[in-house]
Amino acid sequence: MRGSRNRPYTSPHWVTDAWSAVTDDRVVRVVVDAAGGDNAPGEIVKGALDACGPQLNVILVGDEPRVRALLPEGVQHVSVVHAPDVIGYHEEPATAARARTGSSIVVGLKMVHNGEAEAFVSAGNTGAVVAASVLYVRRIPGVKRPAICTIMPAMPAPVAFLDVGANAEVRAEFLRQFAIMGQAFAREVMGIPEPTIGLLSIGEEPTKGTPDVIEAHQLIAGDHRISHFYGNIEGRDIMNRLVDVIVTDGFTGNVGLKTIEGSARAILGALKATVMVSAKTKLGGLLLQKDLQVLKDALNPEEFGGALLVGMNAPVVIAHGNSKARGIAQAVRMGRRGAVSDLLPTIARELGTQTAAV
Amino acid sequence: MTREEVFEHVKGILVETLSVDEEKVTMDARFQEDLETDSLDLVELVMTMEEKFGIKITDEEAADIKTVGDAVDFVMTRVDA
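Line by line, the protein sequences are chains P and V.
Read in order, the letters of the first sequence correspond to residues 1 to 358 in my numbering.
Read in order, the letters of the second sequence correspond to residues 1001 to 1081 in my numbering.
Think of the hints as simulated: they come from the structure by calculation, not from any bench.
Heads up, some of the hints might be wrong.
[As the list claims (entries may be wrong)] Think about it this way: if two alpha-carbon atoms lie no more than 30 Å apart in a straight line, the pair counts; the simulated BS3-like pairs of lysine-lysine are: (1) P:K272 to P:K290; (2) V:K1056 to V:K1024; (3) V:K1052 to P:K110; (4) P:K110 to V:K1011; (5) P:K258 to V:K1052; (6) P:K272 to P:K282; (7) V:K1011 to V:K1066; (8) P:K296 to P:K46; (9) V:K1011 to V:K1024; (10) P:K290 to V:K1011; (11) V:K1024 to V:K1066; (12) P:K258 to P:K280.
[Said to hold, decoys possible] Pairwise CB distance ranges (calculated): (13) P:H224 to V:E1033: 45 to 51 Å; (14) P:L271 to V:D1070: 39 to 45 Å; (15) V:R1030 to P:R66: 45 to 51 Å; (16) P:R66 to V:T1077: 26 to 32 Å; (17) P:K258 to V:K1052: 21 to 27 Å; (18) P:G352 to V:K1052: 46 to 52 Å; (19) P:Y89 to V:R1078: 50 to 56 Å; (20) P:A69 to V:D1073: 51 to 57 Å; (21) P:R26 to V:R1030: 43 to 49 Å; (22) V:E1005 to P:D212: 46 to 52 Å; (23) P:L288 to V:V1015: 44 to 50 Å.
Here a beta-carbon is modelled for each residue, glycine too, at the ideal position from N, C-alpha and C.
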């Protein structure tokens, strides 16, 4: 893991640099939903332009005339596919995914399914992206439920956290599968060779938690596919990076993620206000400016771009609804990383042989 | 196609696509209560059935399919028609 000298935390770039530095010559086509998100299409197109290159071709799917108007003349490595419809934030995901065949999400995911692209990125309705991915890209055989796996800013370095919203309710078996998919994500996408897995609960003892969490603890502890199971961890351990991968259900994960994002923003805001109190503190702040910027980056979810919907036949990246260009560019790079890494084959190998392996 | 053949196809979809345990799939099995499928699973099942049997299932018709037997019977009425 790369870190700066003497810093108590690591810049997120040790993860994201690996996505940006293209070391193979594969050309990966990433479909980007140009209509999804609060800042569509402007910031989406800007981010896609930042990320594209000879080995990363971007296909923007959305209102074609509007998207084309944002592209510079003679632009390379970017193409546009028309999708007349958009799935809104308040629509019922499964129904919308089935019925709205002209929407940017469905058109884009069908392109991935048909082999016209290798990965998909959207900052649109998360539920609809999950539902449409299940319906059109399909799960890897053996995967009971896909999970949204995010990279969470933590100290001293980021952790993988899943599920942060695909499944509000889970069974113990799903949590066991999340542990296996999270382990593959940490290895193949984040580059952590021997990740430690923790199960989020309300106490360290294996007997603490809901019946499903208690059963999941036993299943994970007894599963030889999981190399390093730490055991249960508690909410306070998430940011302290006791483990590399945190496993939980989608309801708890989503609440946890949003709580931490909100807290980080509040603390950084308070820090900024403290620096501005007097001439003395301002001088101190000036001296610390560069280091504080790294801390801000380390806590900024935008640096990681998005979360990966693990368990699908292709990388599907779900970006924050309020993503700006930087977040979208990182999400697009994550999509490429998902496609060239061994993530999907590893999940297929480990979960596809489930009956034989347990 | 006989009722048994349609059942085998539906069972295949449930096991392969939705990872449902094979032994749980009987004609009487209820999707939500016995097979523990959720709303997204049911949409996936309906779309896969449409593809496999070359039929169209409306949302209203899909809402009436509660058991594996209901799904088999629905396909029988369409395939024969």
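Each hint, compared with the structure:
1. Distance check on the hinted pair: K272 (chain P) and K290 (chain P) sit about 13 Å apart at the alpha-carbon level, within 30 Å; holds.
2. Distance check on the hinted pair: K1056 (chain V) and K1024 (chain V) sit about 27 Å apart at the alpha-carbon level, within 30 Å; holds.
3. Between K1052 (chain V) and K110 (chain P) the alpha-carbon distance is near 18 Å, which keeps this suggested pair within the 30 Å criterion.
4. Annotation: proposed proximity of K110 (chain P) to K1011 (chain V) holds, straight-line Cα distance about 26 Å (limit 30 Å).
5. Taken as a hint, the K258 (chain P) and K1052 (chain V) pair is broken in the structure, with Cα atoms around 41 Å apart against an allowance of 30 Å.
6. The hinted pair formed by K272 (chain P) and K282 (chain P) meets the criterion: a straight-line CA distance of about 10 Å does not exceed 30 Å.
7. Distance restraint check for K1011 (chain V) and K1066 (chain V): the Cα-Cα separation of roughly 15 Å lies within the 30 Å cut-off, and the hinted pair is therefore satisfied.
8. About 22 Å separates the Cα atoms of K296 (chain P) and K46 (chain P), which keeps this hinted pair within 30 Å; it holds.
9. Proposed proximity of K1011 (chain V) and K1024 (chain V) is supported: the alpha carbons are some 10 Å apart, at most 30 Å.
10. Between K290 (chain P) and K1011 (chain V), the direct Cα distance comes to roughly 61 Å. Violation of the 30 Å bound is thereby established for this hinted pair.
11. At roughly 15 Å between alpha-carbon atoms, K1024 (chain V) and K1066 (chain V) fall within 30 Å of each other, so this suggested pair holds.
12. For a cut-off of 30 Å, the pair hint linking K258 (chain P) to K280 (chain P) is broken: about 34 Å separates their Cα positions.
13. For the hinted restraint 45 to 51 Å between H224 (chain P) and E1033 (chain V), the CB-CB distance of approximately 33 Å leaves it violated.
14. Take L271 (chain P) and D1070 (chain V): their Cβ atoms lie about 60 Å apart, and the range 39 to 45 Å is violated.
15. In this structure the supplied range 45 to 51 Å holds for R1030 (chain V) paired with R66 (chain P), their Cβ-Cβ distance being about 47 Å.
16. Between R66 (chain P) and T1077 (chain V), the C-beta spacing of about 45 Å breaks the proposed range 26 to 32 Å.
17. Range check, K258 (chain P) to K1052 (chain V): Cβ separation about 40 Å, and the 21 to 27 Å hint is violated.
18. With their beta carbons about 22 Å apart, G352 (chain P) and K1052 (chain V) fall outside the hinted range of 46 to 52 Å.
19. A beta carbon spacing of about 36 Å between Y89 (chain P) and R1078 (chain V) contradicts the range 50 to 56 Å that was offered as a hint.
20. Roughly 53 Å separates the CB atoms of A69 (chain P) and D1073 (chain V), a value that falls within the hinted 51 to 57 Å.
21. Range check, R26 (chain P) to R1030 (chain V): about 47 Å between beta-carbon atoms, so the 43 to 49 Å window is met.
22. Checked against the hint of 46 to 52 Å, the C-beta distance between E1005 (chain V) and D212 (chain P) comes to roughly 37 Å, which is inconsistent with it.
23. Our hint of 44 to 50 Å for L288 (chain P) and V1015 (chain V) is violated, since their Cβ atoms are close to 59 Å apart.
Going down the numbered hints, you'll see the structure goes against 5, 10, 12, 13, 14, 16, 17, 18, 19, 22 and 23, while the others check out.
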